[in-house]
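Work the whole structure out from these sequences, hints included.
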Amino acid sequence: MKVLLLNPPFKENYIRSARSTWPSISGSNWYPIFLAYATGWLEKHGHKAKLLDALVAHLSPAEVYSRVKQFRPEITALYISAESLTNDLKIGLKIKKINGSKIVLVGPWCSTHPQKILSQNKEIDAIIPREFDQVLLDLANKKPPEKIKGLVFRRGKEIMVNPERDFLKPEQLNQFPFVTEVYKKHLNIEKYHQASLLHPFVDLFTGRGCSWGKCSFCLWPNTIHRGAANYRTRSPENVIQELLFIKKELPEVKEVFFQDDTLPAWRAKEISQLIIKRKIKITWSCYARADALMDLKTLKLMKKAGCRFLHVGYESADPAILKNINKGTTPGIMKKFTEDAQKSGLKIHGDFILGLPGETEQTIKNTIKWAQELGIEGYQFFIPQPQPETPLFNYLKKKGCLKQNNQINYPQLTAEQLNYWRFKAMRSIYFTPKYLFNTLGSLNSKDDLFRLIRTGFFALPKMLKK
Numbered sequence: 385m386k387v388l389l390l391n392p393p394f395k396e397n398y399i400r401s402a403r404s405t406w407p408s409i410s411g412s413n414w415y416p417i418f419l420a421y422a423t424g425w426l427e428k429h430g431h432k433a434k435l436l437d438a439l440v441a442h443l444s445p446a447e448v449y450s451r452v453k454q455f456r457p458e459i460t461a462l463y464i465s466a467e468s469l470t471n472d473l474k475i476g477l478k479i480k481k482i483n484g485s486k487i488v489l490v491g492p493w494c495s496t497h498p499q500k501i502l503s504q505n506k507e508i509d510a511i512i513p514r515e516f517d518q519v520l521l522d523l524a525n526k527k528p529p530e531k532i533k534g535l536v537f538r539r540g541k542e543i544m545v546n547p548e549r550d551f552l553k554p555e556q557l558n559q560f561p562f563v564t565e566v567y568k569k570h571l572n573i574e575k576y577h578q579a580s581l582l583h584p585f586v587d588l589f590t591g592r593g594c595s596w597g598k599c600s601f602c603l604w605p606n607t608i609h610r611g612a613a614n615y616r617t618r619s620p621e622n623v624i625q626e627l628l629f630i631k632k633e634l635p636e637v638k639e640v641f642f643q644d645d646t647l648p649a650w651r652a653k654e655i656s657q658l659i660i661k662r663k664i665k666i667t668w669s670c671y672a673r674a675d676a677l678m679d680l681k682t683l684k685l686m687k688k689a690g691c692r693f694l695h696v697g698y699e700s701a702d703p704a705i706l707k708n709i710n711k712g713t714t715p716g717i718m719k720k721f722t723e724d725a726q727k728s729g730l731k732i733h734g735d736f737i738l739g740l741p742g743e744t745e746q747t748i749k750n751t752i753k754w755a756q757e758l759g760i761e762g763y764q765f766f767i768p769q770p771q772p773e774t775p776l777f778n779y780l781k782k783k784g785c786l787k788q789n790n791q792i793n794y795p796q797l798t799a800e801q802l803n804y805w806r807f808k809a810m811r812s813i814y815f816t817p818k819y820l821f822n823t824l825g826s827l828n829s830k831d832d833l834f835r836l837i838r839t840g841f842f843a844l845p846k847m848l849k850k
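Heads up: take any position in the sequence shown, counting from 1, add 384, and you land on this note's numbering.
The reader is advised that the hints may include incorrect statements.
[Claimed, not checked] What follows is a set of in silico ranges between Cβ atoms, one per label pair, in the way DEER data are often shown:
1) 676 / 449: 45 to 55 Å
2) 789 / 811: 23 to 33 Å
3) 772 / 638: 31 to 41 Å
4) 540 / 745: 51 to 61 Å
5) 616 / 789: 27 to 37 Å
6) 790 / 616: 25 to 35 Å
Since the hints were made in silico from the structure, they are not lab data.
No experiment lies behind these values; they were computed from the predicted model shown.
All residues carry an ideal CB built from backbone N, CA and C; glycine is no exception.
Put into structure tokens, the structure is as follows:
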């Protein structure tokens, strides 16, 4: 069967394939990783799948429709987000009119109110609330919808909700084609950029789910990987085989990013040890929790194995706010982690969220000051974008702190004030002589200079006009 897996077009520089959806300031984007894994799974089982990332390829709706006419899919899996839902549904309706393709909505946001979405949008045939690889395969295999676990579908005027499907098990994850093989076949890897990663880069899962999984704001663990303790991993050898594939078949790739929600210390150790044992020369980065388990010994081992950069969610310097969001760490622990990472020679990109429950102008000032003192290489300041069904969304809705489009509006901090502080925070770091001097001093190649210029090209105009 022909299946189109589509990341639909929307606003320029909009990021849909991430744990939070937003317009990128730096011109960064991520691979459509969930769609890519499902594409490989369908192809492995004999189906003709086409992965189309219209967002990153800058395709207009008209160009997407032209490709639909050429491919004529029988099923179209549409990866949606809350902010772009109206746009996404409009595109799905048009595709359905072109050749009668079944329209199936997928992605993390589908776990929120699937029955309501189906009842209000007659053109949509089905929704897959959680992991969708196997559910799409069942549909492509023409299994009766009522027998497919994990599917919400339309039958006449009724909305049918099937029992939930078990998460994919580790042994099943090992059976998937390498996602980087899917990228090579379907995508142009030159189109994908991250400000802190060497270009070109690729990303992959060594496991699915989050080993912590309790942060109240995070999209994936609270939706598509719903709940804590659902971290399922590929075998270390399977990961190593994909790294070897990248070195052989994608020699232009300069960095591999492990896209696991967070790479816990035990997982980092077993992968690092095997990379070293097999003498694989590769540069990689990952998400990491700034907790006590990620100690100096582990960080040094990761560095020896080729790890270059850690993406760390610090979120706040306020202990009460960290407790409010179930972060499970403290400013002191995070500071010690940062010092150990710096001792090991690893670079850090830090994420900070301004506007979490308990935030005031004073706590924002404290977080900015604390962030400056960390002396890390990269900073990003966000305003929370509460996603339906996450604990953060439910809390803010109950407290009456959500405006139109789910913007946060506290009695002590308006949405406008939060936006002001976000850009003030970035300017207070990126426009300082110390940061500029350290950044220029850390440039080791033409690629580093290119990434700096590209990021500045996208980010500076936005920061200067705020």
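CB of residue 790 to CB of residue 616, is that within 25 to 35 Å? Between residue 790 and residue 616, where Cβ atoms are some 30 Å apart, the hint holds.
Evaluate the given range 31 to 41 Å for the C-beta pair formed by residue 772 and residue 638. holds, 38 Å
Quick one: are residue 616 and residue 789 within 27 to 37 Å, going by C-beta? holds, 34 Å
Residue 789 versus residue 811 beta-carbon gap, inside 23 to 33 Å or not: Distance hint for residue 789, residue 811 holds at roughly 25 Å.
Do residue 676 and residue 449 keep their Cβ atoms within the hinted range of 45 to 55 Å? holds, 53 Å
Falls inside 51 to 61 Å, the C-beta gap from residue 540 to residue 745? holds, 55 Å
In summary, the structure agrees with every hint in the numbered list given earlier.
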